[in-house]
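Novice: What follows is the residue order along each chain.
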Amino acid sequence: MLEHQLIQSTGFRNIGPVGARTGFAVRIRIPNYHGTRLSQLDGFTVTVDGEVYGFEQNRLGIRDEVYVLAEMREETTARWGLLEWGEILVDKPGGLEPGIHKVEVLARIRYSYFPPDVHVFPMHEARLATLCVA
Amino acid sequence: MLEHQLIQSTGFRNIGPVGARTGFAVRIRIPNYHGTRLSQLDGFTVTVDGEVYGFEQNRLGIRDEVYVLAEMREETTARWGLLEWGEILVDKPGGLEPGIHKVEVLARIRYSYFPPDVHVFPMHEARLATLCVA
Amino acid sequence: MGSLQYGVSVYSYVNDYGSVMTLEDAFDHIADTGATGIEILGEGQVEGYPEPSSAWLDQWFALVDRYKLEPTNFCAWVDTRITLTRNLTIAEGAAELARDLRLAHRLGFKFLRPKFGVTSHELDPDPQWQAYVERNLDLAHQLGIIICPEIHAPTPIKHRVTQGYIDFIERTGTRNFGLMIDTGIFQDRPLTHWGSHQINDEMREHMAFLNGIKVPPEQFLDIAQYVVFIQAKFHDIDDTLEDLNIPWRPVIAAIKRSGYSGYLSSEYEGLRSPWRAIDQVRRQQVLLRKLEREYDLGLLA
Amino acid sequence: MGSLQYGVSVYSYVNDYGSVMTLEDAFDHIADTGATGIEILGEGQVEGYPEPSSAWLDQWFALVDRYKLEPTNFCAWVDTRITLTRNLTIAEGAAELARDLRLAHRLGFKFLRPKFGVTSHELDPDPQWQAYVERNLDLAHQLGIIICPEIHAPTPIKHRVTQGYIDFIERTGTRNFGLMIDTGIFQDRPLTHWGSHQINDEMREHMAFLNGIKVPPEQFLDIAQYVVFIQAKFHDIDDTLEDLNIPWRPVIAAIKRSGYSGYLSSEYEGLRSPWRAIDQVRRQQVLLRKLEREYDLGLLA
Ligand SMILES: [Mn+2]
Ligand SMILES: [Mn+2]
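Residue numbers (numbering that gives the first Met the number 0), protein chains in the order written: chain A, 0 to 133; chain B, 0 to 133; chain C, 0 to 300; chain D, 0 to 300.
Treat the hints as calculated values from the structure; they're not laboratory data. Virtual Cβ for every residue (Gly too), placed ideally from N, Cα, C. Treat the hints with care, since some could be wrong.
Here are a few chain D residues that face chain A, going by a calculated C-beta distance under 7 Å [claimed, not checked]:
#, residue
1, His28
2, Asp31
3, Glu204
4, Met206
5, Arg282
6, Val285
Between the sequences and the hints, there should be enough to build the whole structure, so can you do that?
Specialist: Next comes the structure, spelled out in structure tokens:
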């Protein structure tokens, strides 16, 4: 089961080889009330302890696939199911220090049934989250 | 999945034939942090809108069995698993009116690792719950 | 006198769904309210949508059978703006709708609500919607499904969007297209929460509909002949069984007066606090049935 | 220098377990903390206890394998007062323990904590405990399991209950019986919550141990040779990674100084607010490993 909130406790972790981390991951549930074609997602900005990692650079990991923004925008077949978590993969050489961090996610969802000029809907959530392993 | 609280929303219902109800049921999760032999339970007092239904009379329904207090006290084989709900069955000719009721449950659990004179541990919870069908 | 049918949309439990509740739990919660119908979000409750596994299908039919719930409405979306740089063609949009109709039918649903893309701040649907639907009317007829776009706040009953759907029905003479009414259009008092957030002044300014667009309930009678399904949208029913936003007494009176005898499908959209929806839906089911009884007894005018 | 091993007890998640979390979720939460061990409540996590189905067993082994967690301690209870009118006989109590040992072994556990009935307000265990255990020492040896009763507040280290267990070890010379320390005995500041309730004055009066029995951490050294497992009980770690109840710096220093190199198994017992335990356990795992590192660097005295 997923945590009720967008940003999950578990899955906030460093990525890449131990000792030579390349970045970190933030696990989230789908920022929508229904399953979603990946092309309807327009990226995720992540902020950790005030440092901003822009949606243009971050990647989405879901199931066994990883998508950069350009791939996500064109992916009209693969979908994110309501019961699945995804993770936002963020580049940061060395990774993050173990400990408690202020983590913010701004997910950009596109709704065709919103007026065209405001159809990218920003969903923002923030929380303290604990990264466990260096 | 069970609701976090003891008294569940779903399962608060009248029992017996429609039009000739014999009582009502209150669904609860196990009032313990581990699964429990039924003989370690010593009954459930239920209070609805201030009216008290004593633990001596109420029955426990679990899976496909129903136990009166004397049976529960001697049932050393059957157990209540941590993931299972049970229901307290209460006699009340006519049943309860559909609507919102103040429901209280006092569950009496026996812990052998509590001192003998206080080994019946009362667990009390109260909530508003909605009974749907007359 | 016709009587109403009562259902619950699994959307009522969103945020809880997958977090504190499985699909089977949703069936259990719904069946225990005394409702007889279940409404779902296709891309939501159907795992592996649009091609659920046979294991999932087996589970679906087992649940329908075990909890004795009738599949009512299947909510679907047409992702008009399929990518940032191009829209669906008519053929593609029609194909998406056809795929959803077949899936809905397979699962036993009788209604399908398509959510079309819009082109304006007045929420005019992309004009291609007519072609999507028209190309699928024969299929819908074969499958016994009624396609029903939703009249949802801020769109009222007296509006060119609603009229456009009615014109389509009149023009085609179809019986496989009708209106779904979301009772949020009758909301006459402001919401206090949106999702898990308390509403602040800025939100109120940008989303005036949060205060309620206050469609007069008796206007339901003007369009009732086209209405095939009602989502009983609500947000907050208090401890005395009073709804704080939707004026159910005149709404139920109008619905009953119209002779409508289809579903009222509970659609909770209030505070997304864990487990809150479960009891709110129970309260609404009790309230709606009590008001129908009062109407039948002549107590509701 | 020996290093500590880190585990998590699924008890940490009680109330959430079965409500917002499945067994697989618990494995996932634990593995992601960097812990390598999982501790369970036998009659709790084992569905169908004491005779789990083969489907459940398959799932258990698949989870252990997938999440690469080592089963550590299996918590068991001996229901001494089996009914209101009679207690377990020695043969019955020994049989219950034997059954749990076999089940624990089957699942891969190396430790079993039996909770015996007590006979007094000082929590003296029913004297039959010695016979229960003695009759099972050969079995425990064959299965490679260490039986370890828990030294738990309000019972301190210097107490006849603890001494009774040590005397048993000395008398029998067994290597299949040892002490489990619950770090709640070191608590030196009052709790604010018990379960899902804020602690009030009445509760404090009846349950003085809620304020902490403040065992001096260096006393751990006096009994360390008998200690085979540590439950790292805690209740509240704040946003600056400070534990508000357990003095971890001297506790970790004493444990490390003793040469103990077994498990520290996180046992959260603070506010039972949904999902809170997940992050609290993560905080404790970070805190404990940070303190061990500081000790290794000579920074912790
Ligand atoms: Mn609606
Ligand atoms: Mn403990």
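Novice: The structure should be examined with respect to each hint, and the outcome stated for every one.
Specialist: The hints, checked one at a time:
no.: 1; hint: His28; in the structure: 5 Å, holds
no.: 2; hint: Asp31; in the structure: 4 Å, holds
no.: 3; hint: Glu204; in the structure: 35 Å, violated
no.: 4; hint: Met206; in the structure: 30 Å, violated
no.: 5; hint: Arg282; in the structure: 5 Å, holds
no.: 6; hint: Val285; in the structure: 5 Å, holds
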